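Enquirer: So you can see what is in the structure, the chains are spelled out below.
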Amino acid sequence: MSGDIIFEMKGITKVFPGIKALDGVSFSARAGEVHALVGENGAGKSTLMKVLSGVYQAEEGDIFLRGQKVRFQHPLESLAQGVSVIYQEFSLLPDRTVAQNIFLGREPTRSWGLLDTEKMRRETQDVLALFGDRHRFGPETLVSDLDVAQQQMVEIAKALSLNAQVIVMDEPTAALNDTECDLLFQLVDDLRGQGRSIVYITHRMREIRRLADRVTVIKDGKVAAAFDHVPETGRIVEAMVGRDIGHFYPEPATPEEIGDAVLTVRGGGNDRLFDIDLELRAGQITGFAGVQGAGRTALALALFGAEPFETGTVTVDGKSVSLTSPRSAAKAGIAMLPGDRKAEGLMLMQSVRDNGMISARAFSGTLGAPDKTPITTLDQMDALFDAFDLRAANYEVEIQSLSGGNQQKAIVARWLSLAPKVLIFVEPTRGIDVNTKAGIYAQMRKLAQQGAAVMAISSDLPEVLGISDRVLVMSDGNIVAEFGHGASETEVMHAATEAHLELEAS
Amino acid sequence: MMARLKQINPVFLVLALLFVAIAILSPYFLQPAGYMNFLKRAAPIAILAVGQLYVINSGGFDLSAGALVTLTVIGSSILLDGDASATWWVILAMLGVGVIVGAVNALVVSWLKVPSIIATLGMMITLSGIALTWSGGAPRGYLPENFRFFGRYLIKDLPLIKILPVAVIVMVVVCVAMWWLMHRTNYGKRLIAMGDNPKAALLAGVPLTETRIVAFVMSSVSAVLAGILLGGFAGVSTDVGVGLELQAITAAVIGGAQLLGGRGTVGATIAGALVLQAMFTLLNILGFPKPIRDVVQGLILISAVVIAGYRRRRSGG
Amino acid sequence: MNIPRPKNLAALAPFLLLLAAIAVYVSVAIATGQTQYLTAENLLGLLGRSIALGITAIGQTFAILIASIDLSVANLISVSAVLASSIMSGDPSMMLPAIAAVLAVGVVVGLINGLVITQFEVNPLIATLGMALILQGLLSATFNNFAGEVPEEFQVFAYGQVGGISISLIFLIALTVAAWVFLRFTRAGSNIYSVGGNPDASKLAGMRTTRVVIMAHVICSVCATIAGLYLASRLRSGAPWIGRDGVYDLESIAVVVIGGTALSGGRGGVWGTLMGVMIFSLIDSIFNIAGVDAFAKQILRGVIIVAAVAVYAVRSRRIEA
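Top to bottom, those sequences are chains A, B and C.
My numbering puts the first residue of the first sequence at 1, with every later residue one more than the last.
My numbering puts the first residue of the second sequence at 507, with every later residue one more than the last.
My numbering puts the first residue of the third sequence at 824, with every later residue one more than the last.
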């Protein structure tokens, strides 16, 4: 069913300062197949593909393209040889048209350096025709007028216009809803039918089952397992995690540990949320599941006052509070650990201590040192860092020199200086290596045991299920289902997409 | 030892070298009258630079400071017109103007989301417009002796240092206060956090608008203080403040302050202001025409940013 | 198969602002009974009073489109005017050498700006501010008053007319058309939008982005020197303060932004800039008709610039958290 081997990577080793990102990885793809590349965040999937495309150069190992040994120094060289990588973050220009984006950097010209816009338009039309009539946009449409799925089609069209034989897709469904996913799957089928080889990076079992011909699992920079077929889900997960899942997540809360409702929302709503009724209890970790755009992040932002509720009431410890800004939410005892640590959490140029102390300083008097918060001195902050086993040369180094996990610990410490009653974790383990993850989970459990109500939002469904005492499922700005600890991935996913589909149908 | 040496901000070494060069070329600067006069000349720019540092550390620029210096001098001379008894309330009024100008700059940036460079350029045009309208285009009135006391008066017959200009005392007091606020209070840490990453600072609970208001007010008030000193020793003219905002930014940059926020110390900024003043003095001693100062300042400004960027990249930061 | 593009209100904003300015102008003229200002000739003449700003702003548009900025244009205008009139010294045969020399200065200044920004990674604000200081110093060290004079033949640039329309106005419009054609229909122009919109993607696509940045700065500086030539022609001689007095650095940035070009780069164009220039001329004329004092006018200008930029800033940036 599959054809010849198009490319083959043998014994690839890539070292970054401090870590061996890839260690003797071999990987290949045949014509007319979809090869799923699977692994946890930070396992080395993207790095491997960047070595393939020439963004990175490997220290050891060889790459063969159609039997020829190649060594790409720049992505342009791999593009010219028919290897296209579509990254999660699109490299599109929003204010330019589809045609201009497809021909970025290689615009056809006539004499005098004048653009051959007619040729651009025509060739774009030809490439888009490969999509049948599913794209619903033309060469002259501005990219900023397209939705995410359509933007992805532009990226694919870009690869096709370069006549790419190898197309790498890095978690292409991350930002797509179900209908859009189906469309993408059809496109991938088409591409396979045309004899191209697709490397499909994902960690979603559903997509592997639907699309893949072969599966390779990468863990900690090594090939953990390679299958010539699609094995049962359990075997893939086992290879990904490499340990018994039972010990990976801490024990759920016992009934005695769960206390009274700390935070209550009645009829909360804004332009992305509708009629939210919610109770978060002390000692309990409440997880939120749902597809992209279901409103989980919007709910976190509303509770933290960053994009406030416009209707409804919120009470904390029985007292009505008004959450109109992050500052007012923090004063009410609510803390949020943002999902994008670098953009929303860290002051990169400041020391670990200054990053930890900033909230204590923000909520004390303007002049002088912190005095009004539960934690006020550097010694107390240092003790907190020590308790979290935060690893740094010393606490005066700039926080940008720390690993993601240690940075996360500093931000948790920052919030603990205010002794919050509600802690909202958004994507708590994004970009954190597997070994540190268990530490973060243990920490979340410990905070709950100390009496905080913990809310966990993650796009990683197994993580939500593993860490939470109860799981709330959101869809289209509503909370649509509730599960206890131990719910299966299938039933939660079903609830998350079912409601969605019903709405689509109506 | 070498590693320790590399930690030292190069601005202090440059300053030391310049002092040596000046002392060799003109021994006058080794006498109290010489170096005290140098410090007196440097006082306004040092105060302005430290004020500017507040805005730079917050992630912005204040280009209206020079025009505010002019407005202070022109406005004071017109309001006073030689009437010594009015000096104190005029100084208070001018400080009030400084607070208002700073607050307006900050609110335009915070509420209207105008980039600070445009907001303060607009303020610069507006303030010089006010100064010109008020004075009718030429200096009017004059400053009484007790107003000029701060800029001009020398305390004489002191042991050891012999003379001490009041301007130097003002500089020391103001700079120490601004150092304390920047490096020893919650406010200073909030300010630098905001300049480093405003979104993260907001989510950590830092009140951005208030923090920004104080930063711009510090810059404007320091401009008024600089204006009072300059009015004292340079007298009334309509171009007294021209270009001072750029000198202040240059001084902060020489001191290693990071443009667009997050890194910069008061001590190094004062050293940067002294380097600038020493450079001007040196050019003067060497007999270069005055406009060459601008050329040199432009070159220092660019090279300071280049060197800072190079050091940062090399240290992997 | 095209689905219709949603109407882009942002692109219409400069046009709406221009209409509003015209409406105010007309109402003020009528209200003060000065209807003689309402002829078509007068309205066209409005743009004629802003030729130097227009030429400079066309150049500034290129700098801003690549997400850079140029604060050295005002001093470069002075350098250009003084240099041109001193080289010409009233001698018509020196016109061409003078123009060539001045344009060469523009190319060199633009090259230096572009190189400092791309090779040393200096913030464009600082790089061009430094350049402004250097030019200012060189200028004041060499000249302190009107220098030289331009021959009558050269004054045609500012005062000449063809078919009742001034040559300088025709030049400004021709320059705008040329810039538009360049940006819209050539590969080099397309690169400017790409680099301004997403430098990383452009680099990844194999574009030599530093060359594009340098080119935009050269175009910007050359336009400033042309504005200097125009001012020398109009004033019949160059003076070292004409650039600064005209506040061409700030005003050129302001009209570009009012014309809908984003300070973040990659979006906008020269026709918007031309509308921005017209809006500014109209505001000036409104003050004149209404009899606002010259200095008060300056105050209002500062306020209007900030307000205009605020309109765009508030529109384009939602409070993010």
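In case anyone wonders, no lab produced these hints; they're calculated from the structure.
No experiment lies behind these values; they were computed from the predicted model shown.
Watch out, some of these pointers could steer you wrong.
Straight-line alpha carbon distances no greater than 25 Å define the calculated DSS-like cross-link-like pairs of lysine-lysine that follow [claimed, not checked]: (1) B:K619 <-> A:K372; (2) A:K69 <-> A:K119; (3) A:K319 <-> A:K10; (4) B:K705 <-> A:K342; (5) A:K20 <-> A:K331; (6) A:K372 <-> A:K319; (7) A:K421 <-> A:K372; (8) A:K342 <-> B:K619; (9) A:K20 <-> A:K69; (10) A:K222 <-> A:K69; (11) A:K10 <-> A:K20; (12) B:K705 <-> A:K421; (13) A:K331 <-> A:K10; (14) B:K705 <-> A:K331; (15) A:K331 <-> A:K446; (16) A:K342 <-> C:K1026; (17) A:K331 <-> A:K372; (18) A:K222 <-> A:K319; (19) C:K1026 <-> A:K119; (20) B:K619 <-> B:K705; (21) A:K20 <-> A:K222.
Enquirer: Are there hints from earlier that the structure breaks, and if so, what are their numbers?
Expert: As far as the earlier hints go, 1, 2, 3, 5, 13 and 18 are violated by this structure, in ascending order.
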